Amino acid sequence: MPQILKRKIPSLKVLAALAAAAILLPSVAHAYIGPGAGFAFLTSFLVLFATFFLAFIFFLTWPIRFAIKKIKHRGKGIKSDVDRVIVVGFDGLDPDILEDLMSKQKLPNIAGLIERGSFKRMRSTCPPISPVAWSSFSTGVNPGKHNIFDFLAPERETYLSKLSSADIRPPTRWLPLGKYRLPLNKPSYRPLRKSKPFWTVLSENEIFSSVIRVPITFPPDEFGGVLLSSLCVPDLRGTQGSFSYFTTDEVAIGNFTGGFAYGLKSRNGAFEGEITGPENIMVKGSPALKLAFKIVPDEDGKTAGLTIGKETVRLEPGTHSPWVTLEFSPGLGIKVRGICRFILKSLKPHVELYATPINIDPEKPAMPISHPFYYSVYLSKLIGPYATLGLAEDTWALNERIIDESQFLEQAFLINEERERMLFNELDKVKKGAVVCVFDITDRVQHMLWRYIDPEHPANRDMETELHKNAIEELYQKADDIVGRVLSYVGDRTVLVVMSDHGFKSFRRGVNLNSWLKKEGYLFLESGDEGGEWFEGVDWTRTKAYALGLGGVFINVKGRESKGIVDPADVPNLVMELKDLLNGLEDDKTGETAIKTAYDAKEVYSGPYVVEGPDLIIGYNAGHRASWDGVTGKVTGEVFTDNTRAWSGDHCIDPECVPAVLISNRKITADNPSIQDVAPSILRLFGVGVPPYMDGKAVIE
Amino acid sequence: MFGGGKIKIEKALLERAKKCADLAGYSSVDEFITHLIEKELSKLEGGGGGDEEIKERLKGLGYI
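First to last, the protein sequences are chains D and C.
The first sequence: position 384 = 384 (this note's numbering), numbered continuously.
Heads up: take any position in the second sequence, counting from 1, add 1000, and you land on this note's numbering.
Same shape as in the complex, but just chain C:
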C-alpha cells in the first residue's frame, strides 16, 4: 500500500519461495513473503488496538 521498501533475499531462497508460493495458491511470491511476515508479526505484536477500540470500529455495521 502506497509504496513499499525492498529487502534483499538470497537468490536460491527466492527461487524456492517462488515454487512454494505457486503451489500454495498465492498470486505472487511477494504475497507469500508478506503473509509469512504478517503471521510472525501477529505473534510478536498482537492485534491492532484495545478492546474498546475494536468494538468501536464495528459500531454501525448494519449486519450486526
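Extracted from the complex, chain D is given alone in its bound form:
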C-alpha cells in the first residue's frame, strides 16, 4: 500500500467515527456514567429542547387526543360526587403521639378534621417498612403481589443484597472514539415494584393524578398524570446518598459509612479541594469526575466565599448554603449536573466543610426522576432547585457526627419547605383528580431524634439530651400546620385523606439474627467467630438459613440459592422449627422479649411474587430491631447489642407495635382498616370499579 494512503486511513476512520458520533448524538446524551447505578445524562440543550418541543406537541395535539379518548371511553359512565381526592402522607406519623398531643390541644387542625370526619389506627404491612407499606398503599395489594418485601432483596447467586425497588443497567453496546467510547443504546431503568398503582387505574379511566414523592416510584410510572419520584432515587454518584467531608485536619480523614472524607490544600490564604462526582465510564478505567473548588476565608475569620466553576457562594458558619450547581464535564461537550448544599463547619484551627450528597439536578436530570420527564424541570423553574435524592435528609452525616442535630433539623425543614411548595402548587392547579403528596420529615426526624423523648435510650450516654426535647412535638405541630393549610382547599366535593405508613417506637437494642443463627447451629463460618460484611466468611456448604435486610430470614434452599443445601421438601419443617425458636426470643442482657412474632411468609403473603420474598419475617418487639451489623450480613460473637447511634427511633418491627394513621373528612367504615384499603377507597370515591386483583377493600364513604 502506498505510504500516503496508509497515512490517510486513520484519518478516514476518525472522520467516520465523528460522523457516527454526530448521528448518534441522542445516544450520547443517554451515555452511562456512575458506579453501577447508570446515568443517562441529558445535555442542557437536549433537555431544554425536548421540554419545549414536547410541551408544544402536547398543547398542539390536545384537541385530537381529547376526542380520541372521549370516543375510546364513551359509555363508561363514571359518576361520582367527588371532584378531587387529596392524600397527604406523613411518613411514620404515629397514632400514640398524635393522640397524646391532641389530648393536650396541640394539634388543632388535625383534631378538628377528626371531629368532622374519622380517625382510625391502620394496619401497616408486614414488615412495616416504608417501601413495603407505601407500595401496598399505591397498589392496594399485599407484598406477594407487588414484590417489595424490604429495602433490600437477595442476590441468590452471590448472597449479596441489592435494592429491592429498581433494576438499572448500563448501555450494552459502545463505539470507541479516540480516548472515549460512545454508547450505542440507552441504559435500562426498570421498576421492580409490580402490580399497578391506583393512579394508573385512574388514568385508564380518564382521571388525572398528581403524585409527589410517594416512596417507591423510581423509576417513574408512565400514566396520565404527573409524578415526582422519591425513595431510592440515587445521588449523582449512584449511591443512596453519600456526603463529602473536606478538612485540613489529616487525622480526621477517615472512613465513613455514609460518606467520604477528603483533604484540603492551603494555598495563599485560600483552601483548595475537589468534589468527586460520578464515574465517567465513557473513558477507559472509568475515572471519577471531579470539580475543583476554593474556599477563601473572609477577614472576620468566621465566614468564607466558596467558588466552584463560575459560581461563588457565601458560607455562613454552621448553616446550610443555598443549593449550589455542580457541572461535571465527562467530555465531548456533555455536561452532567448535580446540586448540593454546603456547611462551613469551621475555619480554625482546621478548615472543615460538609457537602450534602450530590442530588440529581431536577432542572437538568441525569436520569428519569419524574413523569413526564420534563415535570421535574417544570417544578424547578417554579420553585427553584430542590432535593431529588430518595432519602434526602442526610441521616448518616448525623450518625457519624459530621453534622449535629440542629443542622440535621435545618436540612430536614429546608427540604420540607420545598415539598410544601410542590403540594400547594398542585392544589392550586389540580381541581379535578387526585393529588397525592408524601412528607418524609416525620420519619427522618423521629429516626434521628427519638432519643430525646426516651431518657433511657443507650444513645443518650455522654450526649446532650435537652436541646431538642421538643423537636418531635414541633414536628407533629408542623404536620398539623400543613393539614390546616390543606383544609382551606377542601370543599364538599373534595375528600381529604391524611395518613401514615407506620408508627414509631424506640430502637434501643439491636438483634443480630445471623449471629443468633450461628449460635443455634443454622449458620456456619469457614473459620473463627466473626465474619465480614455481606456474609464474608460464611460457609454456605453447611449453612441452612441466613438473615438479610431489616426483617427477613431466608432458607439456603438447594436449587434456589447458588450454594443451597436444604432440600425444598424440607423447607416447611425448617421454617416451623425456626419460627418456634424465634417466637418470644428473649434479650439475654435485659430479659425483655426481643422478638414478638416470627411470621411464616407463606401464611402472610399471597401472590405471584411470594417466591421472591423471605421465608420468615421477624416481628421485633418495641425497643428492639435488626442490629446494624446483622442487616449487612455480618456475623459477630454477640446477638444483642446497644444501639448508640443518633438513629434512635425505628419502625422495622412487628406491625402490631407500629400501627399507621388513617384520617379523613369522610366516614371510614372499617374499624381496623389496612393500608391496602386506601387505593380501592380512592378508586371507589371516583366511581371507578375496584380491580379484582386488589386485596384491599373500599373503606371511605
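Simulated from the structure, these hints should not be mistaken for laboratory data.
Computed from a predicted model, the values in this text were never measured in an experiment.
Warning: the hint list may mix true and false statements.
[To be verified] Pair by pair, the computed Cβ-Cβ distance ranges are:
#1 C:A1012 to D:V611: 42 to 50 angstroms
#2 D:S346 to C:D1051: 52 to 60 angstroms
#3 C:E1038 to D:G305: 45 to 53 angstroms
#4 C:D1051 to D:P287: 36 to 44 angstroms
#5 D:L60 to C:A1012: 37 to 45 angstroms
[Claimed, not checked] Mimicking DSS-like on lysine-lysine, the simulated pairs with C-alpha atoms at most 25 angstroms apart in a straight line are:
#6 D:K106 to D:K667
#7 D:K432 to D:K697
#8 D:K563 to C:K1055
#9 C:K1043 to D:K563
Backbone N, C-alpha and C define an ideal beta-carbon position, used for all residues, glycine too.
Given the coordinates of chain D, work out where chain C should sit on it, guided by the hints.
Chain C in isolation, oriented as in the chain D frame:
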C-alpha cells in the same frame, strides 16, 4: 418504562395466559408475561452488576 416493543403471541395462548394472570393475582397479562421473561432472563443473565457495584449502590441507605 418509557415505551416498549410489541411481541406477537398466538391468540389461544394469550387467552390461557390471561386466565392464569387473573388467577395468580397479576394486575394484567402484560405483567404476567413480563414476570415470566424476567425470571428466565435472570437465570440466563444473572444479576445487574459486580459485587463492588452492588455494595456501592447501597452506600448511604440510612436503615443499614
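Status of the hints after comparison with the structure:
Judged by the Cβ atoms, the range 42 to 50 angstroms given for A1012 of chain C and V611 of chain D is violated: they are separated by roughly 27 angstroms. For S346 of chain D and D1051 of chain C, the Cβ-Cβ distance of about 38 angstroms falls outside the hinted range of 52 to 60 angstroms, so the restraint is violated. For the pair E1038 of chain C and G305 of chain D, the supplied restraint of 45 to 53 angstroms holds, since their beta-carbon distance comes to about 52 angstroms. Taken as a hint, the range 36 to 44 angstroms is violated for the pair D1051 of chain C and P287 of chain D, whose Cβ atoms sit roughly 20 angstroms apart.
Restraint check, L60 of chain D to A1012 of chain C: a C-beta distance of roughly 42 angstroms satisfies the suggested window 37 to 45 angstroms. Distance restraint check for K106 of chain D and K667 of chain D: the Cα-Cα separation of roughly 24 angstroms lies within the 25 angstroms cut-off, and the hinted pair is therefore satisfied. Taking the CA atoms of K432 of chain D and K697 of chain D, the gap is near 23 angstroms; set against the 25 angstroms cutoff, the hint holds. For the hint pairing K563 of chain D with K1055 of chain C, the CA-to-CA distance comes to about 20 angstroms; that is within 25 angstroms, so the pair holds.
At most 25 angstroms may separate the alpha-carbon atoms for a hinted pair to count; K1043 of chain C and K563 of chain D meet this at roughly 15 angstroms.
Consistency with the previously given hints fails for numbers 1, 2 and 4, ordered from lowest to highest.
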